[in-house]
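**Student:** So the sequence shown is numbered by this note's numbering: it starts at 1 and just counts up by one.
Quick caveat, the hints were computed from the structure, so don't treat them as lab data. Positions of the beta carbon are idealized from the N, C-alpha and C atoms, including for glycine. Do not take every clue at face value.
[Claimed, not checked] Restraint-style ranges between C-beta atoms, simulated for each label pair:
1) L102 with S160: 37 to 43 Å
2) E82 with P116: 31 to 37 Å
3) Y114 with K189: 19 to 25 Å
4) V148 with R25: 23 to 29 Å
5) D169 with F94: 14 to 20 Å
6) G101 with Q35: 19 to 25 Å
7) E32 with K144: 27 to 33 Å
8) K28 with P116: 27 to 33 Å
9) Q156 with D117: 26 to 32 Å
10) K213 with S160: 35 to 41 Å
[Stated by the list, open to error] With a cut-off of at most 30 Å between alpha-carbon atoms, the simulated DSSO-like pairs for lysine-lysine come out as follows:
11) K144 with K214
12) K6 with K28
13) K36 with K6
14) K36 with K213
15) K98 with K213
16) K83 with K213
17) K203 with K152
18) K12 with K36
19) K152 with K36
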Amino acid sequence: SDGIVKTLPDGKATSQPDEWEMRNRSAKRVMEYFQKKQNAAILDLGCGNGWFSAMLANSCNCDVVGVDLNFTELKQAARVFEKSNLNFVYADVFDWPKINGLFDFVTINAAIQYFPDFGKLMERLFFLLKDGGEVHIIDSPFYKKEDVEAAKERSQKYYSEMGFGEMADNYFHHPFEVLEGFDFDILYKPGEITIFNRIFKRKDIPFPWIRIKKE
Numbered sequence: 001s002d003g004i005v006k007t008l009p010d011g012k013a014t015s016q017p018d019e020w021e022m023r024n025r026s027a028k029r030v031m032e033y034f035q036k037k038q039n040a041a042i043l044d045l046g047c048g049n050g051w052f053s054a055m056l057a058n059s060c061n062c063d064v065v066g067v068d069l070n071f072t073e074l075k076q077a078a079r080v081f082e083k084s085n086l087n088f089v090y091a092d093v094f095d096w097p098k099i100n101g102l103f104d105f106v107t108i109n110a111a112i113q114y115f116p117d118f119g120k121l122m123e124r125l126f127f128l129l130k131d132g133g134e135v136h137i138i139d140s141p142f143y144k145k146e147d148v149e150a151a152k153e154r155s156q157k158y159y160s161e162m163g164f165g166e167m168a169d170n171y172f173h174h175p176f177e178v179l180e181g182f183d184f185d186i187l188y189k190p191g192e193i194t195i196f197n198r199i200f201k202r203k204d205i206p207f208p209w210i211r212i213k214k215e
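Take the sequences, apply the hints, and build the full model.
**Tutor:** Pasting the structure below:
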């Protein structure tokens, strides 16, 4: 519902509160980074219902554009989150926009797995980025090369049990090797247990936060 979406990433009212607790912690960590990036132009790719785009727009004095191909979720995003520095666009990033160098940052939150060709996507995003711009990949799995096939089998089983086996064909398992050749660093590594997480037994997101710089 619109009411629940408006509260995200506080997911206490969702059917998956534990997952949203981790995503909330991850999102707040990312916001600390972008709060220092005032007056930037940010493309939030695969924005879905827009909660992360809205969080970015609220956290810094930046212009944020959320892009997705799910028209239903985009309509909800535009309905729920209204801010002068936030816009939502129904578009395929490979077709829109036509002008290069529009953005300082691209964020991809829990969406990289829906793009089949990582290298082709980066080429396109570098076209859209200004010199020195950055791509941030958040809350998305990357795999050891030897684990990819097993991960594919798990995904197929998961979607089949849900009754949507064909959806597995649109979920792509990227190995860490796709990052080779890019100027990247890892801003959050899963498994890094902070003293606060240890004391309060807090779970954190199991996926890395990866920053790729346009050279």
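**Student:** Next step is simple, just say for each hint if it's right about the structure.
**Tutor:** A quick look at each hint next to the structure:
In this structure the supplied range 37 to 43 Å holds for L102 paired with S160, their Cβ-Cβ distance being about 40 Å. For the pair E82 and P116, the supplied restraint of 31 to 37 Å holds, since their beta-carbon distance comes to about 34 Å. Between Y114 and K189 the beta carbons are some 23 Å apart, a value that agrees with the proposed interval 19 to 25 Å. Checking the proposed 23 to 29 Å range against V148 and R25 shows it holds: the Cβ atoms sit about 27 Å from each other.
Remark: the range hint 14 to 20 Å for D169 to F94 is upheld by a beta-carbon distance near 19 Å. Under the hint 19 to 25 Å, the C-beta atoms of G101 and Q35, about 24 Å apart, fit the expected range. Our hint of 27 to 33 Å for E32 and K144 holds, since their Cβ atoms are close to 29 Å apart. At roughly 31 Å, the beta carbons of K28 and P116 sit within the given window of 27 to 33 Å.
Taking the beta carbon of each, Q156 and D117 are about 20 Å apart, not inside 26 to 32 Å as hinted. At roughly 39 Å, the beta-carbon separation of K213 and S160 lies within the given 35 to 41 Å, and the hint holds. Using a Cα cut-off of 30 Å, the hinted pair K144 and K214 holds, with the two alpha carbons roughly 24 Å apart. With a C-alpha separation of about 16 Å, the suggested pair K6 and K28 falls inside the 30 Å cut-off, and the hint holds.
At most 30 Å may separate the alpha-carbon atoms for a hinted pair to count; K36 and K6 meet this at roughly 24 Å. Proposed proximity of K36 and K213 is supported: the alpha carbons are some 17 Å apart, at most 30 Å. The straight-line distance between the Cα atoms of K98 and K213 is roughly 21 Å, inside the 30 Å bound, and the hint therefore holds. Restraint check: the Cα-Cα separation between K83 and K213 comes to about 28 Å, which is no more than 30 Å; the hinted pair holds.
Annotation: proposed proximity of K203 to K152 holds, straight-line Cα distance about 25 Å (limit 30 Å). Among the hinted pairs, K12 with K36 is consistent with the structure: their alpha-carbon atoms are about 29 Å apart, no more than 30 Å. Annotation: proposed proximity of K152 to K36 is violated, straight-line Cα distance about 38 Å (limit 30 Å).
Hints 9 and 19 from the earlier list are contradicted by this structure; the remaining hints agree with it.
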